Amino acid sequence: MAFAQQDEVPSETSTAIVRNIRIDARDIFDPDERVPLAGLINFIHIRTQKKVIRRELLFQHQNALDLSLIAESERNLRALGIFTDVNIVTRKAASDSLQTRDKWTTKLNTTYRLVGGVHFWGVSLVEDNVFGLGKTIDIGYNHSSDRILRQVLYRDPRLLGSRFGGNVKAQNNSDFDTFEMSLSRPFFAWNTRWGFGLAFENTKGVYRQFRDGELVAAPRLDENALQMIFNLYRGDKLKRHLMFGYNRERSRVGDQRRQLNFFGIGFGVMGRQFQEMHNIDVYERTEDVPSGIVAEIALGANVGSGGRSWKETYLLGRFQYGHADYSSGYSFGTMLQTFYNGQHFRDEFSEGEARAFRKFGRHLLVGRVRFERLAHFSVARQLRLGDENGLRGYPLRARTGSKLLLFNFEDRVATNLKVLIFRLGLTAFADFGQVWETPEPVRLNNLNAAIGLGLRVGNARFTGAINRLDCAYNLSERKWRISVSIGSYFSAYGKLDFLSDFQ
1154 MAFAQQDEVP SETSTAIVRN IRIDARDIFD PDERVPLAGL INFIHIRTQK
1204 KVIRRELLFQ HQNALDLSLI AESERNLRAL GIFTDVNIVT RKAASDSLQT
1254 RDKWTTKLNT TYRLVGGVHF WGVSLVEDNV FGLGKTIDIG YNHSSDRILR
1304 QVLYRDPRLL GSRFGGNVKA QNNSDFDTFE MSLSRPFFAW NTRWGFGLAF
1354 ENTKGVYRQF RDGELVAAPR LDENALQMIF NLYRGDKLKR HLMFGYNRER
1404 SRVGDQRRQL NFFGIGFGVM GRQFQEMHNI DVYERTEDVP SGIVAEIALG
1454 ANVGSGGRSW KETYLLGRFQ YGHADYSSGY SFGTMLQTFY NGQHFRDEFS
1504 EGEARAFRKF GRHLLVGRVR FERLAHFSVA RQLRLGDENG LRGYPLRART
1554 GSKLLLFNFE DRVATNLKVL IFRLGLTAFA DFGQVWETPE PVRLNNLNAA
1604 IGLGLRVGNA RFTGAINRLD CAYNLSERKW RISVSIGSYF SAYGKLDFLS
1654 DFQ
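Each residue of the sequence shown is one higher than the one before, starting from 1154 at the first, in our numbering.
Derived by calculation from the structure, the hints in this document are not laboratory data. Treat each hint with caution, since some may be false.
[As the list claims (entries may be wrong)] Here are the simulated DSS-like pairs of lysine-lysine, each with C-alpha atoms no more than 27 angstroms apart in a straight line:
1) Lys-1322 <-> Lys-1648
2) Lys-1571 <-> Lys-1632
3) Lys-1357 <-> Lys-1322
4) Lys-1260 <-> Lys-1571
5) Lys-1390 <-> Lys-1632
6) Lys-1648 <-> Lys-1512
7) Lys-1571 <-> Lys-1648
8) Lys-1632 <-> Lys-1512
9) Lys-1288 <-> Lys-1203
10) Lys-1556 <-> Lys-1512
Note that the structure is a prediction, hence the values are computed from the model and not measured.
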């Protein structure tokens, strides 16, 4: 929604000054929109307070006009997840204008999902914009045929209006209980100079292990972790990142134990820009698709419990690259981390992923390839593959092992069809994947495979996510399976950002 003609926008080299900032915070629906119950929805919903919008702005009254800060402020506001639209328009002869449109953020409902042949149902109260302040409360109960989950979560991305964010989450599950708490100052803008992170987590229960979708073991699980991280950022076009911190972790799975008393330092560089696109992963919302490069390395020392002996060295390397233009994009990345004691490597984890998409009219062709590997872990860990994470038409945790290879392809069609205010879309897909143990080779003709069709329903003024129904044909077992869930099955593009802690 434009406030000015294109020729009214000052050039980037202009000496224009931000004279005044007029914020137009709009309800979910305008009064003249003919939508059933629009007036009642606006009445119930608490509109986002202007101070919440203003604190995300990276420019102030009487600052020199910087179009890069305006664009980044728009992205920050969109990233909050509480707006349908965000538009900042500059004028030569009047106040600069910022317009936002709220989306419905209160969810008091029952939910149902069918994934991998397992029925999930739940009751939850979620508010992502408490009193219009941008804070989140989530109270939920979810039940499936093999587990029960109860959760309470509170998240505040801007504690006391500052750049610090906080998060508290407690889960009481049928197989384990978890408590998490964190305080952080993230890399919220390109001109961020420093960051901080403090996190604590405690988990007790059982670690369920599967083979071919069947539970084979459930050893006792006891984990607790404490991490403190400091981050420094320097540079203009190419941002440099220095990270150092401490990590204490105690893990026990059955008779297996793992202890970390870890000091580490990391260095990275990033160059990044964004392309605004639509109808990629969601409908009717602006998506910020990144282009650029991120490269990072980290070293650390796991010392003894008294901190007097160097037990092993921590190594991490990470690389990401992405490119996007007005109709296509691709990205790829890889990461490797391990510990080395002078003779052997342990707790090795490596991954690589590539994604690509291209628009052809209303069709969006999307592909993803992913590889993961675990090796020499001191406590039990499994990679799992099924309907929940890449292989539609198969049961949950259908395949388990220490290596994973996955291919996903989709033809996404955003139609003009609407039911009330909800846009309809169609998807044709093909999934191929396998998980296997490290000593065993894998051949492409041994991949599990599924093909199918899906229905997509979405509206940015409510959840913002796409609701999906997939009907998949399992080519290995020659069976049909239906999957019902929320959100795109996988994203068409990767994220480009610094690590905020040691993985």
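(request) List in ascending order the numbers of the hints, as given earlier, that are violated by the structure. (result) The structure breaks hints 2, 5, 7, 8, 10; every other hint is satisfied.
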